[in-house]
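Sequential numbering from 7 applies to the sequence shown in my numbering.
Treat each hint with caution, since some may be false.
Unchecked claim - Derived DEER-like restraints, expressed as beta-carbon distance ranges: (1) L54 with S26: 22 to 28 Å; (2) Q20 with G53: 16 to 22 Å; (3) T27 with D56: 31 to 37 Å; (4) L50 with S19: 29 to 35 Å; (5) L51 with A25: 19 to 25 Å; (6) G33 with D56: 29 to 35 Å; (7) S26 with D56: 29 to 35 Å; (8) A13 with R36: 26 to 32 Å; (9) P41 with M7: 26 to 32 Å; (10) L50 with E30: 14 to 20 Å; (11) E30 with L54: 26 to 32 Å; (12) G31 with D56: 21 to 27 Å.
Because the hints were derived from the structure by calculation, they are not lab data. A quick note: this is a predicted structure, and the numbers were derived from the prediction, not measured. Ideal placement from N, C-alpha and C gives every residue a C-beta, glycine not left out.
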Amino acid sequence: MNLALLAAEFAPSQLRAVASTDDEGRGVVRLVGAPGAAVRLAGLLAGLVDGDDGAL
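Make the full structure from the sequences, and use the hints.
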């Protein structure tokens, strides 16, 4: 996940994936970072679904 974020030009100080577990001990990956970076990532993901290459 972190390699994909780097490829999308997110600096680790902006957004990074962190391995963790939930309350029941199952593995999860949490995204940690600045709110603006999360909004940018949401736009990129929405663009993949909408077909506009991630434009906000």
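Results for each hint:
| no. | hint | verdict |
| --- | --- | --- |
| 1 | L54 with S26: 22 to 28 Å | holds (25 Å) |
| 2 | Q20 with G53: 16 to 22 Å | holds (18 Å) |
| 3 | T27 with D56: 31 to 37 Å | holds (33 Å) |
| 4 | L50 with S19: 29 to 35 Å | violated (18 Å) |
| 5 | L51 with A25: 19 to 25 Å | holds (20 Å) |
| 6 | G33 with D56: 29 to 35 Å | holds (30 Å) |
| 7 | S26 with D56: 29 to 35 Å | holds (30 Å) |
| 8 | A13 with R36: 26 to 32 Å | violated (19 Å) |
| 9 | P41 with M7: 26 to 32 Å | violated (19 Å) |
| 10 | L50 with E30: 14 to 20 Å | violated (30 Å) |
| 11 | E30 with L54: 26 to 32 Å | holds (30 Å) |
| 12 | G31 with D56: 21 to 27 Å | violated (36 Å) |
Going down the numbered hints, you'll see the structure goes against 4, 8, 9, 10 and 12, while the others check out.
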